[in-house]
Structures are given as structure tokens and as C-alpha cells.
Amino acid sequence: MALLTLLQAINDGLRNALQDDPSVLVFGQDVGPKGGVFLATENLTSEFGEARCFDTPLSEDGIIGAAIGMAMNGLKPVAEIQFQDFIFPAFDQIVSEAAKLRYRSGGQYTAPMVIRTPYGGGIRGGLYHSQSGEAYFCHTPGLKVVVPSTPHDAKGLLMASIADPDPVLFLEPKALYRSLKGEVPSGSYSVDLSTLRTAREGGDVTVFCYGAMVPVALKAADQAAEKGIEVCVVDLRTLLPLDEEGVLDAAKRTGRVVILHEAPRFCGYGAELSALIAENAIEYIEAPIKRVTGFDTPFPNTLEHHYLPDERRVLDAIETTHAF
Amino acid sequence: MALLTLLQAINDGLRNALQDDPSVLVFGQDVGPKGGVFLATENLTSEFGEARCFDTPLSEDGIIGAAIGMAMNGLKPVAEIQFQDFIFPAFDQIVSEAAKLRYRSGGQYTAPMVIRTPYGGGIRGGLYHSQSGEAYFCHTPGLKVVVPSTPHDAKGLLMASIADPDPVLFLEPKALYRSLKGEVPSGSYSVDLSTLRTAREGGDVTVFCYGAMVPVALKAADQAAEKGIEVCVVDLRTLLPLDEEGVLDAAKRTGRVVILHEAPRFCGYGAELSALIAENAIEYIEAPIKRVTGFDTPFPNTLEHHYLPDERRVLDAIETTHAF
Amino acid sequence: MASRTPVSIIEPDGTTPGYDHGLSSGELLRIYSSMVLTRAFDDVCIKLQRSGRIGFSIPNKGIEATQVGCASALSPDDWFFPSYRDFGMPLYHGVEPVEMMNNMFGNAQDSARGRQMPVHFSFVDPIRLVSISSPIGTQIPQAVGAARAFQMRGEDHLCLASFGDGGTSSSGFHSALNFAGVWKAPVIFLCQNNGYAISCPTSSQTASESFGIKGEAYGIPGVIVDGNDVFAVRQAVEQAATRARAGLGPTLIECVTFRMGGHSTSDDPSRYVPKELMEYWAGRDPIMIYESVLFREGHLDEARKTQIAAEAEARVDAAAKQAAATDPPSLETIFSDVYEDIPQHIRTQGEAAFDLVARKGGAAGGGGEFPL
Amino acid sequence: MASRTPVSIIEPDGTTPGYDHGLSSGELLRIYSSMVLTRAFDDVCIKLQRSGRIGFSIPNKGIEATQVGCASALSPDDWFFPSYRDFGMPLYHGVEPVEMMNNMFGNAQDSARGRQMPVHFSFVDPIRLVSISSPIGTQIPQAVGAARAFQMRGEDHLCLASFGDGGTSSSGFHSALNFAGVWKAPVIFLCQNNGYAISCPTSSQTASESFGIKGEAYGIPGVIVDGNDVFAVRQAVEQAATRARAGLGPTLIECVTFRMGGHSTSDDPSRYVPKELMEYWAGRDPIMIYESVLFREGHLDEARKTQIAAEAEARVDAAAKQAAATDPPSLETIFSDVYEDIPQHIRTQGEAAFDLVARKGGAAGGGGEFPL
Ligand SMILES: Cc1ncc(C[n+]2csc(CCOP(=O)(O)OP(=O)(O)O)c2C)c(N)n1
Ligand SMILES: Cc1ncc(C[n+]2csc(CCOP(=O)(O)OP(=O)(O)O)c2C)c(N)n1
Ligand SMILES: [Mg+2]
Ligand SMILES: [Mg+2]
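Chains as they are written, first to last, in numbering that gives the first Met the number 0: chain A, 0 to 323; chain B, 0 to 323; chain C, 0 to 371; chain D, 0 to 371.
Since the hints were derived computationally from the structure, they do not count as laboratory data. Heads up, some of the hints might be wrong.
As the list claims (entries may be wrong) - 30 Å max Cα-Cα, derived DSBU-like pairs, lysine-lysine:
id, chain 1, residue 1, chain 2, residue 2
1, B, K251, A, K251
2, C, K183, B, K218
3, C, K274, D, K183
4, D, K320, D, K46
5, B, K226, B, K251
6, B, K226, C, K359
7, D, K304, A, K218
8, C, K183, D, K274
9, D, K359, D, K60
10, D, K359, A, K226
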């Protein structure tokens, strides 16, 4: 097995998908000869030709609209949106069209497709290159939303998303693109959607997180362990449809819950996790369900390290929850 | 005081605003001579002229984009989006622009404007004329989101929104447009944003709701009262910024909470309410925090009465919560 | 560049100077019957709505030549991305009126399982008529994507994207034409300029001299035709189809026509359409215009005309009766088809709903009037 | 219709046949100095980025004539809705380099309080340069709305919307031009066709024969000019401004120019820009072209040229030093300006953040490289 960065794992997953299935197409802004602004699609045009991996005009609406039509008609589009912050011109196509096509046609038409897009902070990108918009999409029945946090999962979840019969929004934690390496099997494999991963066992407090917050949670958990608090870290991996049973089990096991994400708190994804627990497992809960999140403000630039949840904040929440 | 429908109250509020302030403009698709598809803007063009109340091309992106520019430059745009379901082409303008302009310019530029749009079910409008998209917007710092449920509040909240220095999304419960009448003062007045209204007092269970679900909650509360359960019904009125203190107080007073909305459950607005309580008042809570919501599916047409929460479902949740 | 005056073919006396339709009597009458059937379907739907049997319909009168003329120039292997007003396209290609009526009633036999409003058809057979969406403009780039799939596989088919004058203002129109131009995709953009977008006349929609000229912005040929002249429409679509199948790329066709009724059954056009405009276009009825050819060439006489009309009416009436007698969809249909497999959380919600019905009875049937 | 070849005025020998610039020596040199200052600002920013002092910049070289020529034809009362690449516009109108540098460093003196990335300027004085947004195309319809406000109040001002070739594919471009056409709004659409949108050449952007021709789709005159010829740009903008102020509506101007560097400091254009193209445009340096006029007409000589360049460099260097020495914004700036008044929930979050810093120290300064 090769030791790859998360970015290389994604590149490898795309390559495998293009090899396995001639109907797979990769496209978006700058994904062709340049290989994508993060180089996620590097060399794919030279390897598979311009018909399989190509640039599009600067229109997210057009990229996703066309992808839906391709998907209806037998292709397997894997569209890149350069930054998740720029997905909003395509919001209508995603929410009104891709997500509802199967339902409104009684299954006559479907849109199996993948939208890959980097999300989150960590590159000093300010308001418009740092956002974590998962909650905007997770409120949309018909869509699947996936967020990997390791190179292994990135490739496996991506390949599962490409094989999936429903439209998948694949959110890539850009902060992790190059910051960690991991073993990645060569060749095709998939990681099941809608099954969470326990990233660390621990009996005192459960931390729910995903994407770039997983390493933050793990570091905080290490620090907590030094203080005698054993933390279970749950990497959700698929946000929609969520492994609700797995979430409830993990919450019940410790009775103390911290929820962690980069996005603003208000109506963020963490609210659903908390509400799910408060609705179905409140009897087990022994402390306030804490959320550690980005602030309810736009994403600042110079001070982004204060905005993004870090070990300091997570550990503080773990301690408070544990001490309650 | 006149007895007006909610629709008439909105029409009246717009008229007062146009009279009071020459910078107020009303526009959108069919809002001119036709007076809007629901007639919310009836007669405004003939009374104030085409320069003050007019039709636009069929482009929500253009409507909101232009409104932002007007707002920056001293006008007070009150834009109508014909159905909330059709707001998504303008999602980028609302979320990336209107909501973030003040922040990103350090207060040099602002976008004080109102977007009025009818939301929700009850007219057999199927997938695309029935949605309740509040959660998509409430995750957006910089935006205010308001939902009236009575004619009195509709006018007062609308006038407060028009006077507000920040962009306001004003969601009108179309199911209530003509179904109830109420006393509405003539002339200008406002109802404070970010203050909830206790629509009914009761010490056993608290129901949180807004818009078209308020009358449903009140009916369920009446039925519960017959069975000896006293229900407090809270009409939130402003969803963002939320009167969090008011919510926590109301939850603490009964210790038993039911949350009610039409939108799908997953990552819906109710999740935030529940999470807020689970984070700040869990010690007071004596039963699972229940959510009664639309299903996690698109909005169906023929069976919409099964999809929409009704007294039957709310009462069932009240009873379960009370008996826990 | 697009010609500035709409191309028409049929003269007032029924001659078609310089145009050889090359069609057999059977083919000519198939076009005619489809136009008549379309009008009958429209008629009956409006009556059904007026009498409260269905909630909503979209008047179609006046636009039959555009829709049927277009459909007749395409093959059943082409894909249609239609507008809600395109009754004539499925009817020409042999979709049974009852299948459309099932949608108007939203019953259990509706291919969309009663989930969509009336006039939101979806068919895969005998033609691919892609499930109609309400948001204006969204389906236009989808047609381009589907066309690119044909192109990639080297198939000879094309996609038709049909939309109104109002639709040209949407983001979808812009991105669709732009992508199609760059990709030389086999797609035909049919703009049905029927004078209004609900109550908004074309002058409030755009300042461009025509809709056909908008092709210039995308390097796409634009054609403007008389939308009430079935041959003019047919010819333009045929030429565009030939171009598309030859790999020469997309065409934008503007059909100048008029909506001889309200936007929908909820709309009162007398509030905003000048009477004279209505009268002018009443004199340009596309069925009458086409009849002048058929009479002149001897394919039609009064008796056959009456017979075709009666047959159409009977078929639509029977369809309406059958659809009205069909049950509404079952409660299960709310929860299926969100995903290929029903995820646990939706399954749980469905079970709770069934359980509640078992314990407390069903929800009260809803009322509610549709405003537009 | 737009002319197909870009209009240029300045001949290789510095003559301007048929064009009378009508400008004083002072005015001519103000334009020149602004172009030189723009290039110096660009230069220094790129060096600051290379040496790790700032995170990011956007190369500006080669486009100075477009930006300064345009700015020079407008008044300080007009509103600018610029692109991130428009350094020349604020500099021409007297924004101090240090104010722009404060943004490049995202420090406490930055008008955007360090919230935005570098090159996202916002000024209200001496000109209204509307806070630059990253999403492409969103600001174009906003310019139309602001222009409508001028129109309503009967004011004589106009709005400039500036964007790239890539920007024409956005939804904002389409809705903006369409609305402006219908409203006859006093707005100028300046399309800076610099050959690329990041790595995508114009051929992957659109199949239209030019960008100027896109005006046809909206009933808006389109003009195509040589963007490296400061007089050609200035003349086109002047004419468009006269039209707009006279109530005749918007104009679309395409400036054909070239981006003589990467898209940003994170980009390596040698991956995708053919060498010959770079060389061709290097021979068409807009500053050199303009110098030929100034030398010929005697407004400039070598000594003065050196002096202007040295002054520009010194101003920018001093600005960079000052900005670098200014503190970062305070923690409070995260929480203010979300709304006019800080709502309770944001206040609470802020207090918790201050409290945590007090108890456990501040967050570790972040790293992170910007990729584009
Ligand atoms: C994005 C969007 N905005 C608004 C509407 C509401 N609406 C429905 S039909 C219509 C007018 C469409 O006009 P046109 O495109 O000319 O088609 P026509 O109805 O005349 O056939 C409008 C505004 C919608 N369906 N979608
Ligand atoms: C909506 C949106 N999509 C993608 C991007 C990423 N992006 C930033 S600049 C750029 C290219 C812009 O090209 P052009 O409009 O030609 O302007 P130029 O940079 O050449 O001046 C892209 C794709 C963005 N900022 N906004
Ligand atoms: Mg129309
Ligand atoms: Mg460019």
C-alpha cells in the first residue's frame, strides 16, 4: 500500500473510476490541463484525454445543470466546484433538481452524480475560500453528503459515491489535503456510505466530528487522556443519510457529548446531532450537549485561527462536559 | 381598527411604507399591474406609479442582485420572490452578498433590504410551491429571518423589517393569507424583531412554532386542554436572530418541549431550537425533546395533508411528551 | 444573424409558396389530429378545473402549431425537456391522454405518483419526455448535458429544450446556451415567445430586439419563425435537427406565438392583456391556418374535420373519466423514491405515519387554492 | 453591432490619427503616473508574497491601460464595482497606496478589518469603490441596482461594473445586462478580456465571436477596444458615460488585453499559456505604448520617466512598511459588523472567546497556503 496524502488519494480514486467505467467524466473549472487549483485532477487529462477530463466555462449553474443531464442519460459525471463557497450559483440545480428528480418522476429519471468540492478553513482564504456549508445541503432530502477525513476513506468514499445511484455532494477538507499521509490501497475499493467510524475509543465523553475537525478532536482527546478523561472520537464520514443508530449508541455509551464543526453554530449540522440525541436518548445524557463550532459570523481572514475550533476550545468543552 | 386578512395586512404595510418613505421600492415578477400572484401588491402600482412598484424580468438572481445595489445606494428595496421555492437562483446573492456586505466592508457598505416571499404548504402546490426553506437561510450570519402568523404581526413585523438596517428575509405563510382575519391598526407601527410572542399560556408542555403552524399548535393545545394538559404555545416570529432567552425561559417553565414546523426534520430549524435547549437548559428537561415536522422527503402534491403536520400529529406528540 | 421578421410559410389562402412539405396525407393528418387533440385536452382540463375536479391547469390554446410542428420534426429517440405548457409534444408522439390525465388528477397511476402538480408530466415511453420541473430555466442546461452524452457515445440523437420568453431571463438559459455553444452539443433551444410571462409582457422581460438574436451571444445561430404556422416551425426544427445530428451544434429557435388564455386556470388575463392583442391573435388561430392547407390540398373536408374533433373529445373525455375513477396514491408513495433505497430515518418516519393513521385515523383532506 | 476588430488609437510611432485627447500635460501625466504606480504596487505585492510577508496577490501587469484609461474617464462621484485585479482604478482616483496595503496585510487599519483576503478592497472616499467580493459575477447586477438609484433620484452619476472574460459566463452577467437593458440604467459594463480565466482560455469560455457582441442579447450596444491602448479605453468609456448620463442606457465595453503573469501568486501560467502568446503581448506593453505618445508630444523625457518610476516605488515601499508595522485587527473584529447591532448570541460567543483567551491563551497563529 502506498503512503498518500488525502489529495493524492482523491486523484487516485478519480483515476481508478475513470479506468473502471468509461461513462465516468471529470470536469469543472481548471480541472483539465492545469489539473485543478489544488491539483486534485492532476494528469487526468493527459492520461484519459480531453473527452474524459475537461475544463468548463465559469458557471457553476451550467456545470451542475449539465451534469444532471449527463447523469440522466447514462454518463457518470464527477463535477468539481473549485471552492465550496462558489457552489451557491448551482444551489438551485442541486436542491431543486438533482435532489428531487427521482421523486418527482416516480423513479423514471435519476441523477447519479458526484459533486466534489473543497470546503473549510486553514488556508487564509477569508470569507469566500473557507466556508463549511454542509448544513445548507443536509437539509435536502434526495441528496447524500459525504466528508472524508483520512486518505484511505477519501478514496474509498469517493469511489462509493461515484458508484452510488443517487447524487452525492463530496466535501473535501482542504486543510487536510496535504497535511497528513496514510496508507491507501491501490486499485478500486469502496468505503460504505452511511456508516460512521470510531476514530478513537473512550468511555467518558463522546466527540462527534468530521472532515478537518477529526485530527483536532484526536489531539484534544490525547490531551484529555493526559488529564484522565477518556474520549471517544466519532468520525461521521457520511452526514446524509446519517448513521443515526451509530450516533445514538456512541452518545449513550458515555452520556456526555461534545459536537464539533467549523461552520457557524446557528442551524449548523451540530444542531441536528444534538436534537437527534435530545429526541431519542435524553435519558442517557448527563451533561449539557456542547457544541464547539465556528462563530455565527462570516469567516474572517487574518484572525482565522481564532475562528476555527482548535484543541484548546475542544479540550475546554470536553473538560466542562466531563466535570458537569 | 380594521379587520384584515394577513394578505391585506401585508398590502397595507407595503402601502404605509411607500407613503412614509420615498426611497421604498416594491418590485418582482407580476407585482406591478397584476398586483402579485397572491395580490399582496394589489393597487400599489396604480397608487404610487410604475417607478415605485414594478415588474422585473424572470430572474431571481437579477432581482436580488439589483436590490442589493439599490440598498447600498440609498433606496429601500422590498423585493418579492413569487414563491420561496424559486428563491434558490438568488441564493448566492443572499448568502454570499447581502448577508456579508457589511462585514466584509467594515461597515462601509450595507444592504438594508427586505425580501418578501410566500412559503409553506396548503395550496396543493406540490414539490415546488410548498416548501419551507427557512433553515437554509437561518444558517447565514448577517441575515435576519422573520415569519409572521397573525395579520397584526404581519404588518408590524414587515414595517419593522423595512426600517431595519440589515437585510431581512420575510417569509409569509401562504396558507394563512386568507384563512384568518385579525385587527390591524391603520397607519404605521412596528413589532420588534427578535422578540417571541406567547400565543397561549400553559404550564405542562411548551410548543415552539411559527407561521402557518401557529394555528395548528393552538388547535392542538385546545384539544390537549380538554384532556387536562395545559400547553404553552410560543410563536417565535423572528427566527434569526432568535430570542434565545425567551426560548430557554419557555422551555424551562414546563420542562417538556415539542417543536413544530412544516419543513423536513433533518437539519431543519427545529434542530437548532432543540440543540439550544439541550446545551443551555438540559437540567430542566424531563422528557425527550420532540419534533413534529414535515417528512424528510420532497413535498408531495395529492397527499400534502399527510405531509403537513396537523393537530392530530401535534396532539399525539404533546400527549407522549406529557406522559413521559 | 437571426432574420428580424418571423419566417412564415402558409399563406392566407393555404398555399405554401416555395415550400414542399413532402408529407403523406396520413402524416399531414397526424399533425392535424395532434393539434386538435391538444386543444381538446386543454379544453377538458380547464373545464375539470372550473368544476373543481382537478386543482389546476395551464391553458394551451394558440400554441398548438409550435408544439406539434416541433414534435413532428423530431424522432422518438430524441429527448424532450419540455415546458409545462407543451401538451402537444407527448400527444403527437403517442402518449395516451389517460396517462396525462393521471397526472392532472395526481392519482395512483400517475407516473409521478401524485407528487407533482398537474401539467408536470414525466414519460419514458414512447418518448423520453423528461419529468417537468416548476422552476423556470433549470432544465435547459440539463438538456445540454444529456446532449453531450449522445455526443460522447457517438449517437445520432438530440435534445430539445423548450421554454418561454420569460425563460430566457433565467440563469439556466444563459449557462445552457453558453455550454452548448462551446461543446457544439446536439441540442435545439425552442423559445416559445407567447407574449407574456404570467402578466409580464416581453417589453418588461428584455430590451433585445428579439429572442432569436440572443444566440449571437453564444455563437449559436438564431432563427425566428411564425409560431402559429406549423410548417414554419417544423421546417426550422428539421433544419436545426439536421445541423445537430451532423455535429454542427445547437440552434436557437424563437417561435412567435400568443397565449390565447390566462397563464393558468388561476389567472385572469383581462387584468393585463390588451383586448386588441387578443383579437389580433384570435384571427391567427394555428389550427385554422393549418386547415387552410389541408382543405386546399384535399386532405380534409368538413365531415372529416368534425369526425376528428369528435374523436379527440371522446378520447379526452374517456381519459378524464378513467383518471377520475382511479384511486389516489397510497401513503407509502410519500416515502419512496427519495433515494434508490429508503434510508433508515425515512423508513422510521413512514412507520410512525402509518402507525398514527392506525391509531388516530388519517389526515383531513386538504383544501387550498392555487393562485398562479 | 459591435465592430469585430478592437478599436485602437495609438499608432506604433505615438501618433493618434483622428483622435484629439484634449488633455493637459498634467492630466496626461496623471494617467501615466497612475499606470506606473499600479505596476509598482503590483510588483511590490508579488515580492511581499514571495518573501512570505503577505499571503496572496493578484498580478496586474499588462492591464494598466484598461484600468487607468477607464478610471480617467469617470468622475469621483460615480460608483465602481471593480474586480480584484483593478488596482489602477483606486490609485488613479487618489486612494493612498497605504490604504490598499493595509488590505494586503489584513491589518487593523484595513477598511475591511482584516476580514477579507488581500486584493479585496473597499473604499468610500475619495471614490466609492464597492467592497470587492470573491464570487465572480455577483457584483454586476448590484451595479445595475445602484445605477437605478441614481436614475430614480435624477442624479447624473453612473456605475461601472468591471469583470473578466470568465465573468461573462456567470449568472450575474446575464441578469445584470438584461436588467440594465430593460431599465436603461446608467451603467457601464467593462469586460476585461485578458485571455484567461485562471487557466481556461477564452475558447473554453464561450463560442461567441467576441465578448462585445454579447450586448446584442440585451439590446445594449457593444464596443470592442484595444485594452492596451489607454486612449482607446478612455474614449470608449467616455462615450459610454455620456450615453449613460444622457439617460440612453448602458454600454458593454470589451477591452482586449492580456494577463502578463499568473492568475495569482499561487498560479504557474507556464503550465498552460503558450510562450508565443506571452511574447506577443510583451511587445504590446500598455505603459510603453502610452509612453510613445508622451515622448512624442514632449510631456515626458527619460529623466522624468525615471523620476516618476522612482517616486512610485518609494510610495509603495513606504506604504508596505507602514502596513507591515501595523498591528493585526483585534479579536473583537470577528464579532462586529455582522449586523448593525451585535445580537445577543454573537455577543455571548464573543465573550466566551475572550474568556477562553484569558484562561487558556490565544489560538496558535495559522499557516496555510493559498492555492489559487
Ligand atoms: C425560477 C422561477 N421563478 C418564478 C416562477 C413562477 N412562474 C411560473 S411560470 C412563470 C412565467 C413563465 O413565463 P414564460 O417563460 O414566458 O413561459 P409561459 O408561461 O409564457 O409559457 C413564472 C414567473 C417559476 N416557476 N420559476
Ligand atoms: C462563482 C465563482 N466561481 C469560481 C471562482 C474561482 N475563480 C476566481 S478568479 C477565476 C477566474 C476569473 O476569470 P476572469 O473573469 O477572466 O477574470 P481574470 O481573473 O482573468 O481577471 C475563478 C474561476 C470564483 N471566484 N467565483
Ligand atoms: Mg411566455
Ligand atoms: Mg480573464
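Hints versus structure:
1. B/K251 / A/K251: 24 Å, holds
2. C/K183 / B/K218: 59 Å, violated
3. C/K274 / D/K183: 28 Å, holds
4. D/K320 / D/K46: With a Cα-Cα distance of about 13 Å, the restraint between D/K320 and D/K46 holds, given a limit of 30 Å.
5. B/K226 / B/K251: 22 Å, holds
6. B/K226 / C/K359: 15 Å, holds
7. D/K304 / A/K218: 58 Å, violated
8. C/K183 / D/K274: 28 Å, holds
9. D/K359 / D/K60: Violated, at about 46 Å.
10. D/K359 / A/K226: Since the Cα atoms of D/K359 and A/K226 sit roughly 15 Å apart, the hinted pair holds (cutoff 30 Å).
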